[in-house]
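Peer 1: Spelled out, the chains give:
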Amino acid sequence: GPRMTFGPNDEGALQLDYKGQFQMTLRDNGSGDNNEDTTMNFNFRRNRLALMGKYGDMMSIYVQTEYTDDPNVTPLDVARENQGSNFQLLDAVVRFKIDNAFRVNVGKFKYNLSRENLEACEMPLTLDRSLFIRVPFTTTRDTGVAVWGNLFNDMFQYRLDAMEGRKALSGDATPASKFRYSARAHVTLLDPENDYGYKGTYLGKKKVATFGAAYQFEPDVAYGNTVLKTDKKDYKAWTFDGFVEYPVEGMGTFTASGAYEKIDLDHAYLGDNPDFNVVGINGEKNGYYVKAGYMLPNIPLQLFVRHEDWKFANLNGIYNQRIFWTGGGMNYYLRDQNLKLTFEANSTGFRYGSGTSADETEDFMTYVTQLQVIF
Amino acid sequence: GPRMTFGPNDEGALQLDYKGQFQMTLRDNGSGDNNEDTTMNFNFRRNRLALMGKYGDMMSIYVQTEYTDDPNVTPLDVARENQGSNFQLLDAVVRFKIDNAFRVNVGKFKYNLSRENLEACEMPLTLDRSLFIRVPFTTTRDTGVAVWGNLFNDMFQYRLDAMEGRKALSGDATPASKFRYSARAHVTLLDPENDYGYKGTYLGKKKVATFGAAYQFEPDVAYGNTVLKTDKKDYKAWTFDGFVEYPVEGMGTFTASGAYEKIDLDHAYLGDNPDFNVVGINGEKNGYYVKAGYMLPNIPLQLFVRHEDWKFANLNGIYNQRIFWTGGGMNYYLRDQNLKLTFEANSTGFRYGSGTSADETEDFMTYVTQLQVIF
Amino acid sequence: GPRMTFGPNDEGALQLDYKGQFQMTLRDNGSGDNNEDTTMNFNFRRNRLALMGKYGDMMSIYVQTEYTDDPNVTPLDVARENQGSNFQLLDAVVRFKIDNAFRVNVGKFKYNLSRENLEACEMPLTLDRSLFIRVPFTTTRDTGVAVWGNLFNDMFQYRLDAMEGRKALSGDATPASKFRYSARAHVTLLDPENDYGYKGTYLGKKKVATFGAAYQFEPDVAYGNTVLKTDKKDYKAWTFDGFVEYPVEGMGTFTASGAYEKIDLDHAYLGDNPDFNVVGINGEKNGYYVKAGYMLPNIPLQLFVRHEDWKFANLNGIYNQRIFWTGGGMNYYLRDQNLKLTFEANSTGFRYGSGTSADETEDFMTYVTQLQVIF
Numbered sequence: 031g032p033r034m035t036f037g038p039n040d041e042g043a044l045q046l047d048y049k050g051q052f053q054m055t056l057r058d059n060g061s062g063d064n065n066e067d068t069t070m071n072f073n074f075r076r077n078r079l080a081l082m083g084k085y086g087d088m089m090s091i092y093v094q095t096e097y098t099d100d101p102n103v104t105p106l107d108v109a110r111e112n113q114g115s116n117f118q119l120l121d122a123v124v125r126f127k128i129d130n131a132f133r134v135n136v137g138k139f140k141y142n143l144s145r146e147n148l149e150a151c152e153m154p155l156t157l158d159r160s161l162f163i164r165v166p167f168t169t170t171r172d173t174g175v176a177v178w179g180n181l182f183n184d185m186f187q188y189r190l191d192a193m194e195g196r197k198a199l200s201g202d203a204t205p206a207s208k209f210r211y212s213a214r215a216h217v218t219l220l221d222p223e224n225d226y227g228y229k230g231t232y233l234g235k236k237k238v239a240t241f242g243a244a245y246q247f248e249p250d251v252a253y254g255n256t257v258l259k260t261d262k263k264d265y266k267a268w269t270f271d272g273f274v275e276y277p278v279e280g281m282g283t284f285t286a287s288g289a290y291e292k293i294d295l296d297h298a299y300l301g302d303n304p305d306f307n308v309v310g311i312n313g314e315k316n317g318y319y320v321k322a323g324y325m326l327p328n329i330p331l332q333l334f335v336r337h338e339d340w341k342f343a344n345l346n347g348i349y350n351q352r353i354f355w356t357g358g359g360m361n362y363y364l365r366d367q368n369l370k371l372t373f374e375a376n377s378t379g380f381r382y383g384s385g386t387s388a389d390e391t392e393d394f395m396t397y398v399t400q401l402q403v404i405f
Numbered sequence: 031g032p033r034m035t036f037g038p039n040d041e042g043a044l045q046l047d048y049k050g051q052f053q054m055t056l057r058d059n060g061s062g063d064n065n066e067d068t069t070m071n072f073n074f075r076r077n078r079l080a081l082m083g084k085y086g087d088m089m090s091i092y093v094q095t096e097y098t099d100d101p102n103v104t105p106l107d108v109a110r111e112n113q114g115s116n117f118q119l120l121d122a123v124v125r126f127k128i129d130n131a132f133r134v135n136v137g138k139f140k141y142n143l144s145r146e147n148l149e150a151c152e153m154p155l156t157l158d159r160s161l162f163i164r165v166p167f168t169t170t171r172d173t174g175v176a177v178w179g180n181l182f183n184d185m186f187q188y189r190l191d192a193m194e195g196r197k198a199l200s201g202d203a204t205p206a207s208k209f210r211y212s213a214r215a216h217v218t219l220l221d222p223e224n225d226y227g228y229k230g231t232y233l234g235k236k237k238v239a240t241f242g243a244a245y246q247f248e249p250d251v252a253y254g255n256t257v258l259k260t261d262k263k264d265y266k267a268w269t270f271d272g273f274v275e276y277p278v279e280g281m282g283t284f285t286a287s288g289a290y291e292k293i294d295l296d297h298a299y300l301g302d303n304p305d306f307n308v309v310g311i312n313g314e315k316n317g318y319y320v321k322a323g324y325m326l327p328n329i330p331l332q333l334f335v336r337h338e339d340w341k342f343a344n345l346n347g348i349y350n351q352r353i354f355w356t357g358g359g360m361n362y363y364l365r366d367q368n369l370k371l372t373f374e375a376n377s378t379g380f381r382y383g384s385g386t387s388a389d390e391t392e393d394f395m396t397y398v399t400q401l402q403v404i405f
Numbered sequence: 031g032p033r034m035t036f037g038p039n040d041e042g043a044l045q046l047d048y049k050g051q052f053q054m055t056l057r058d059n060g061s062g063d064n065n066e067d068t069t070m071n072f073n074f075r076r077n078r079l080a081l082m083g084k085y086g087d088m089m090s091i092y093v094q095t096e097y098t099d100d101p102n103v104t105p106l107d108v109a110r111e112n113q114g115s116n117f118q119l120l121d122a123v124v125r126f127k128i129d130n131a132f133r134v135n136v137g138k139f140k141y142n143l144s145r146e147n148l149e150a151c152e153m154p155l156t157l158d159r160s161l162f163i164r165v166p167f168t169t170t171r172d173t174g175v176a177v178w179g180n181l182f183n184d185m186f187q188y189r190l191d192a193m194e195g196r197k198a199l200s201g202d203a204t205p206a207s208k209f210r211y212s213a214r215a216h217v218t219l220l221d222p223e224n225d226y227g228y229k230g231t232y233l234g235k236k237k238v239a240t241f242g243a244a245y246q247f248e249p250d251v252a253y254g255n256t257v258l259k260t261d262k263k264d265y266k267a268w269t270f271d272g273f274v275e276y277p278v279e280g281m282g283t284f285t286a287s288g289a290y291e292k293i294d295l296d297h298a299y300l301g302d303n304p305d306f307n308v309v310g311i312n313g314e315k316n317g318y319y320v321k322a323g324y325m326l327p328n329i330p331l332q333l334f335v336r337h338e339d340w341k342f343a344n345l346n347g348i349y350n351q352r353i354f355w356t357g358g359g360m361n362y363y364l365r366d367q368n369l370k371l372t373f374e375a376n377s378t379g380f381r382y383g384s385g386t387s388a389d390e391t392e393d394f395m396t397y398v399t400q401l402q403v404i405f
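Protein chains in written order, with this note's numbering: chain A, 31 to 405; chain B, 31 to 405; chain C, 31 to 405.
There could be a bad hint or two in this list.
No copy labels: a pair is met if it fits in one copy or bridges any two.
As the list claims (entries may be wrong) - Once the Cα atoms are required to be at most 16 Å apart in a straight line, the calculated EDC-like pairs of lysine to aspartate or glutamate come out as:
#1 Lys262 / Asp202
#2 Lys259 / Asp67
#3 Lys49 / Glu152
#4 Lys259 / Glu111
#5 Lys84 / Asp47
The set of hints was computed from the structure by calculation and includes no laboratory data.
The following block holds chain A by itself, in its conformation from the complex (with noise of 0.2 Å):
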């Protein structure tokens, strides 16, 4: 989109971006009789306004909305009733740069755990980031305060961050209302990553070896006894991971990245009447995820594939149960990132239950294709 200057010297300016990745999906399960027919389904994935501005060297904004519209087709199944349309600001964040090795982030933005939620949402190396990723009681976002900075010529990162975590709520329904803290650090080596965003492919434009960990943690965060109001849990995540992107003269660009991540809740789960929050896709899991991608060298044409294994405390009411989750395909960048063609692949696979649609734990095939357009 435009970009905009303001003010006396023209200190200032903004710009305004359109972005939507429209998908087709096609799934081998999921609607008409047992749920066991297939589900045809046109959707945004994403479907944003994005204003950034700078007002002078030190200050910037990101402001972002994102619009969705019936998300039926989830991760594991197909809703029973349409999910709604949802208007929200997704990210609201002042950005200030008292220097390199010191900065502030104000606002509603990415918390600092996992890589890969770090990672642009525009820029991922497979169709998308992992759909197990997301930690309890937010989103991939959280409003509250980050600092960080880039030391040692750029080859070391912090970040610091007191973030909202879970909503602030009445004894009733939580223990506590206090932030959640996160710490991660990276190394950055050959031609550094030292922004706050991390992509999952330069498309050959960059030699990236990069390797990060962080924890995170709130106290008090659930009651292993919502009835009694006690038996109170606390949230502790970690995780570590690692990046490469390396382009040969003549032969193409290899990317390999994987990262590791463990979500703690103190075994609340295990309670007597454990917070309905706990279990689940964003509850006490731990699981990895290995990409890795081929860029052609004379045609824009990169090929993916992407292997995840994933342990949830209880999912749709299997203890331990475990997803095994494969996928692989291509992106054709007609301009870049700004107008891209994604095909993918995957396949999702259960350890433990039945194997049919009775209990959710029927395998399935996804097939997705995807126009991206950033203008």
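Guided by the hints, dock chains B and C onto chain A, whose structure is given.
Peer 2: Here is chains B and C on its own, set in the frame of chain A:
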């Protein structure tokens, strides 16, 4: 609104508009004792922000928000409780013009059935489009892909689309999650209508005579028996329409238009426990509208009348109910469609029922004064 | 934000702004055991995108969105469950200036009752406006038409409006769907306040002394007996207010302001089954605020205090409850109102009740640190 350019050679352009239709409505029933007292209401009929962009000659986008705030005064009654507010992305479409005869739309936009639904919302002939022309299981827009083009020196236009139709849902709600398909064609004599959107009037700037027809279908859209999950029903619809506008030197501009539309849900309403959505104002029905306008030659005043006759499979519990709707009024164009004042009086009549508010079949009058601003 | 021009002679202009108020709140109750533990919260108080436009000298528009995200920490308690997110068009108004003495506003905008509600949201003297000044059945804005103007060399201003008030609803909910009418006038000495919006402080750039009063009424707004649908009650409100700001060379700027407001619902709360909305924080009540500020002469620091005393017909089940609210703090203007840091400590006290969290009458302290950005 302003038009901003961007890109290395200014091949990109983006325009930002606000569009509002603010209405004062008086209706001679709906409130108070037995709901037979007058209802007075101020509200927006449309309240939108629009981004129109292009990049080079082949690609353009159209992104538009819509905001509604307690639309309590509905076509047939006044609500018992506040309907709430809703902010949505009404349109979000990327358009590719490969050739005048081959264009592709991808995203959320108007599907190809009735002409009047495809007429620009801010350029109707009468106060608004028909209140009874909507199709089941979606709104005025849908998500998907359309292919269209103009042939034979723009005298013929074809349109084909595959859209979401009823949103993908599990077998608990609907017999299948399939796409909805439409085909539409028109013949346009004199000055051609060769855009995707039609207009309700060209304000005397064009001589137009266009005749079109369309067909739409979606298999397995609803259960005739939602309890047993049996009796799968298809959706089919067809329409034909005509539009003529002719400015006569010194005499003014004459406009006449009409359409017939049939919404067929395979008599699902006769099933034992039919899906709730197969009846009512957007369920199985057929009917027509005719409308005519006359714009004065020297002052920007346009007089209009409209008549409609619709038969509903089941409306508020009355089978084969018919509605007669007749209205008339005027548009005063202060700055063409950018600043327009409209007044319309209309009457809504019911064929069957007690003719009282007890079964919502009391005939009523509605008087609307509207200020339209496109900024 | 940037200001863009358009139109054949650049008679159009449109400015796009982001406005955020991000708060860190600590309150010494509301959470945990018996809701008597400290509540910690990060959230936006305001989070807005605004479009301000004009076309020629006579017509302008103001369109503004507001986004709220789980506003769980309310004036008097902390919610038991997440309050959800809401994106809305807060303002959408077209303004016509026929003459300085005759202007017309059409759309959604602030109605004409209390001065403080009409003070710009980003330019208060204290942290925010009164928490107790809202009227029943609408928010800080309403939809309708206002006529206003300045007379006698801007020393006198009148305002008249007809607004929606309680939204149109059927007789099941309210005795009638009528409009709400307001009249407001002020006398402004020294430098005139001649805009539609007031400010809470002019930061020493203006010498102001303004005294105003207003009256508002809406007939048949609620049932005193919602079961029998009888006992129709009217809404009436009146207020008077004063504002003085005076910069003294070398000494700094002194500000003092106060208002009294009475919300009268004809004692509907004494009915047998009164409408739910006639009581509580926005129901029948009366009270006042006084506030004062002092801005230092050479550094952009402003100290402020505020005191309020309100009597509620029925608050959380306690008849004739009174609230004493006292606060103080400071604004530090880094770039006037465009970048401002505010700290406020305030205490909320209850006259009647057990003084414990059991009936929500425990006195409490709230500490808010706020970063305001207008970009």
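Peer 1: A separate judgement is required for each hint: does it hold in the structure or not?
Peer 2: Checked hints:
Taking identical chains as interchangeable, the C-alpha atoms of lysine 262 and aspartate 202 lie at most 16 Å apart only when both belong to the same chain, with a minimum of 13 Å there against 38 Å between chains. Taking the closest pair of Cα atoms, lysine 259 and aspartate 67 come within 16 Å of each other only across two copies (14 Å); inside a single copy the shortest separation is 43 Å, beyond that limit. In the homo-oligomer, the alpha carbons of lysine 49 and glutamate 152 lie at most 16 Å apart inside one protomer (8 Å), although the nearest pairing across protomers, at 26 Å, exceeds that limit. In this assembly of identical chains, the alpha carbons of lysine 259 and glutamate 111 lie at most 16 Å apart only when taken from different copies (15 Å versus 32 Å within one copy).
In this assembly of identical chains, lysine 84 and aspartate 47 lie within 16 Å of each other by CA distance both inside one copy and across copies; the values are 15 Å within and 13 Å between.
Checked against the numbered hints listed earlier, the structure breaks none of them; every hint is satisfied.
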